[in-house]
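**Q** These are the residues of each chain, in order.
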Amino acid sequence: MPTVPSLMGMTKRVLVGRPVRSEMLGEATLPKKIALPVFASDALSSVAYATEEILLVLSAGGLAMFHYTWYLAGGVALLMLVVVASYRQNVHAYPSGGGDYEVATTNLGPKAGLTVASALMVDYTLTVAVSTAAGVANLASAFPALNGHVVLICVVVIAVITLMNLRGVRESGTAFAIPTYCFIAAIAIMIIWGITQLVTGHHLVAESAGYQIHSTTNYTGLALGFLLLRAFASGCTALTGVEAISNGVPAFKPPKSKNAATTLALLGGIAVTMFAGVTALALAAHVHTAEDTSQLIGLPTGDTPRTVIAQVARAVFGDSSPLFYLLQFFTALILVLAANTAFNGFPVLASILSRDGYLPRQLRNRGDRLAYSNGILLLSALAIVLVIAFQASPTRLIQLYIIGVFVSFVCSQSGMIRHWNRLLRAETDPGARGRMKRSRVINSVGAGFTGIVLVIVLATKFAKGAWIVVVAMPIIWLVMRAIQRHYQSVAVELEPPENLRPSRPHSNHAIVLVSKLHLPTLRALGYAKATRPDSIQAVTVEIDPDEVAALREQWDAHEIPVPLTVIASPYREITRPVVEFVKRMRTENPDDIVTVYVPEYVLGRWWEQILHNQSALRLKGRLLYQRGVVVASVPYQLRSAADHHHAAAPTAAPPAAPAPLQETR
Amino acid sequence: MREPDTEARPQTRPRTAKDRRDRGFIRRLIDRLASDTEELDDADLKAETSAQGATPIANCRDREAVCIHGTLRTVTFQPRAGVPALQAELWDGTGAVTVVWLGRRSIPGISPGRAIKVRGRITALGGQRAIYNPVYELRPGATD
Numbered sequence: 001m002p003t004v005p006s007l008m009g010m011t012k013r014v015l016v017g018r019p020v021r022s023e024m025l026g027e028a029t030l031p032k033k034i035a036l037p038v039f040a041s042d043a044l045s046s047v048a049y050a051t052e053e054i055l056l057v058l059s060a061g062g063l064a065m066f067h068y069t070w071y072l073a074g075g076v077a078l079l080m081l082v083v084v085a086s087y088r089q090n091v092h093a094y095p096s097g098g099g100d101y102e103v104a105t106t107n108l109g110p111k112a113g114l115t116v117a118s119a120l121m122v123d124y125t126l127t128v129a130v131s132t133a134a135g136v137a138n139l140a141s142a143f144p145a146l147n148g149h150v151v152l153i154c155v156v157v158i159a160v161i162t163l164m165n166l167r168g169v170r171e172s173g174t175a176f177a178i179p180t181y182c183f184i185a186a187i188a189i190m191i192i193w194g195i196t197q198l199v200t201g202h203h204l205v206a207e208s209a210g211y212q213i214h215s216t217t218n219y220t221g222l223a224l225g226f227l228l229l230r231a232f233a234s235g236c237t238a239l240t241g242v243e244a245i246s247n248g249v250p251a252f253k254p255p256k257s258k259n260a261a262t263t264l265a266l267l268g269g270i271a272v273t274m275f276a277g278v279t280a281l282a283l284a285a286h287v288h289t290a291e292d293t294s295q296l297i298g299l300p301t302g303d304t305p306r307t308v309i310a311q312v313a314r315a316v317f318g319d320s321s322p323l324f325y326l327l328q329f330f331t332a333l334i335l336v337l338a339a340n341t342a343f344n345g346f347p348v349l350a351s352i353l354s355r356d357g358y359l360p361r362q363l364r365n366r367g368d369r370l371a372y373s374n375g376i377l378l379l380s381a382l383a384i385v386l387v388i389a390f391q392a393s394p395t396r397l398i399q400l401y402i403i404g405v406f407v408s409f410v411c412s413q414s415g416m417i418r419h420w421n422r423l424l425r426a427e428t429d430p431g432a433r434g435r436m437k438r439s440r441v442i443n444s445v446g447a448g449f450t451g452i453v454l455v456i457v458l459a460t461k462f463a464k465g466a467w468i469v470v471v472a473m474p475i476i477w478l479v480m481r482a483i484q485r486h487y488q489s490v491a492v493e494l495e496p497p498e499n500l501r502p503s504r505p506h507s508n509h510a511i512v513l514v515s516k517l518h519l520p521t522l523r524a525l526g527y528a529k530a531t532r533p534d535s536i537q538a539v540t541v542e543i544d545p546d547e548v549a550a551l552r553e554q555w556d557a558h559e560i561p562v563p564l565t566v567i568a569s570p571y572r573e574i575t576r577p578v579v580e581f582v583k584r585m586r587t588e589n590p591d592d593i594v595t596v597y598v599p600e601y602v603l604g605r606w607w608e609q610i611l612h613n614q615s616a617l618r619l620k621g622r623l624l625y626q627r628g629v630v631v632a633s634v635p636y637q638l639r640s641a642a643d644h645h646h647a648a649a650p651t652a653a654p655p656a657a658p659a660p661l662q663e664t665r
Numbered sequence: 001m002r003e004p005d006t007e008a009r010p011q012t013r014p015r016t017a018k019d020r021r022d023r024g025f026i027r028r029l030i031d032r033l034a035s036d037t038e039e040l041d042d043a044d045l046k047a048e049t050s051a052q053g054a055t056p057i058a059n060c061r062d063r064e065a066v067c068i069h070g071t072l073r074t075v076t077f078q079p080r081a082g083v084p085a086l087q088a089e090l091w092d093g094t095g096a097v098t099v100v101w102l103g104r105r106s107i108p109g110i111s112p113g114r115a116i117k118v119r120g121r122i123t124a125l126g127g128q129r130a131i132y133n134p135v136y137e138l139r140p141g142a143t144d
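Chains S and E, in that order, are what the protein sequence lines are. Mind the numbering: the first sequence is residues 1 to 665 in this note's numbering, read in order. Mind the numbering: the second sequence is residues 1 to 144 in this note's numbering, read in order.
Accuracy of the hints is not assured; some may be wrong.
Taking beta-carbon pairs under 10 angstroms as the criterion, some of the chain S residues facing chain E (in silico) [stated by the list, open to error]:
1. TYR571
2. ARG576
3. PRO577
To be clear, the hints were calculated from the coordinates, so they are not data collected in a lab. The structure displayed is predicted, hence computed values, not measured ones. Ideal Cβ positions, reconstructed from N, Cα and C, are used throughout, including at glycine.
Model the full structure from these sequences, guided by the hints.
**A** The structure is reproduced here in structure tokens:
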């Protein structure tokens, strides 16, 4: 049926593109060189802010604290390697793409799985918010004029990413590869250039090297330890996104597991190198920054300090070198791409959860372009809310971040320990046992490390905003349980019992609703008679006695062979008297079916709908709740509706056709 | 819906007499507000039935000559082609009875919502009470 596209439809076509056939699904698999940028942009992008977050926290203790950065960065890098090694085991053991959720559900039970799921959902949302906010902050470092509009820019960026994902992300895999590789290249050039300058005796001087940090508190003992732990926890943001690959194994070219594991290793290597390099340069160039800009002595008042990576780049390349702008551009771009990783992960997770009945079914639907449109829209809405609520401040958002990721790390790694224990019980081959034992050791180390870090992160960030996540996760968990219970109870109720004898209603009583004797009514009467009911009557509600009298006259004039029942309506209602009438018919014969035929004329334009009160619609809604009552809509398409929807089918519904009473027999 | 009568069971409510009276009044008020117009109408109809000395439909027995007062809930007009008969459903707040006038296609005044008093012999018609060709008296409705 060719349809005339509406304005809405045309807008959607321009924005989202032509629908894709279902067969196209599953054709796109990614080679390693494309998969790395698609899945790794999240993990790599945190290089752009991980160093900065460490410095920001340390700044509370004054410049003297900055020499601890080395140890903290080392800790983060070590943790990164441990997590990557652990996830390589996951990828081999669970190549189906269920990721941490699947691992936890299989090995620790559905409750643990749900915990992972709620943690990941929170974190995916935060990934979008944090990455976009950080990306825009970097853009604003290159072009300080943007500083006043960061929230707006963030929202626009999220909207654009949403749109790209609605168009279908797989085909844009190659488009992701270029900026990611450019970012890696730019950072690599910066590190090499910087180290060359240092080796050849030049001094790197950041613009903030001369700033002093005004520190009110003197950190010693426990307070010092806590500050260092907090800095470490902030640095751990570098670890987000590692789990993305384990969720995306099915997207790899075969051998899937092996390729995914190799990509993970590459990712770990590159991320650690970049993180270490940027941190080293930041320290060498004496980048000074602080959480509260008023603590920075020397910063011109009213200025927002540049991001650390921007300061390093300016120190290495020179103040207005094109390479500086290029690096800032790619940094912003990869942060946006990192947000995109969440758009890969969240909808898939949501669809898996909805498959298992924990989320509304709608999240399982693939849209026109085979993307999980509803999941994408949900994620985008949540992220926009977060960005607006937190004024697009990366530092504030980061306080909520990574708790979810570490919850899922811990659950999945402990799940993996159980997985190996289970397999070891059944395995007898000593070679295989050896490999499993080695894997178990790796996963145990991973579980231990991530567990400790989770405690650190929770303890140090709780008061700074992490409590929001700690509250949100159980709420999501409970909501998902409630949804699952609902689906379960509906399924149980709908399940036919084993000894069921299919029964037929004894008889069928037809009621035709009549307001006036016009073509739709005649069509409904004809149709009702054609179904050969056991009894038939037309029913009208008396609002105006004169109208009823006129109707009866027409009834007799047309010689309609159906009794006409007039219902009294002392309060001028239509719906309630009819519903009561139908209910009374039902109580007389509980085994019977009452079919209510509702003649309706269909209007083509929305403004026409306003002009007609929708009493038929309301009535249908009320009658749905009556047992043993079937409501049959008998539509009559007006010319406007026919023009609107059947432009190419002029034979449909000729409006001047004679009364169809005889026709339908 | 029906709250237990507070006056009838004083021992289960260890409160002062005044307190009880206040509760009773508030209960009654809430009952009055909470019941829908239909229940209120039914109560009015029942009151009218006893005022007219008529029998509540619920108390009518089969094959008994009765006098019933109520309103016509529905009126069914037969098509011209069929047997002439006017059928109406009379409701008095306690039950419904089908009133049938054989040989008539319509009767002036017999219309939905009309208050009416009928005398006749009640019979069972397909599990439903019916009165054939009753003596009727149109009563002034609320608006008349």
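**Q** Hint ARG576 of chain S vs chain E: min CB-CB distance below 10 angstroms?
**A** holds, 9 angstroms
**Q** Once the shortest beta carbon distance from PRO577 of chain S to chain E is found, is it less than 10 angstroms?
**A** PRO577 of chain S check passes; min Cβ-Cβ to chain E is 8 angstroms, inside 10 angstroms.
**Q** May I ask you to test the interface hint for TYR571 of chain S with respect to chain E, counting a Cβ-Cβ separation under 10 angstroms as satisfied?
**A** This interface hint holds because 7 angstroms falls under the 10 angstroms limit.
This entry satisfies every hint, going by the numbered hints stated previously.
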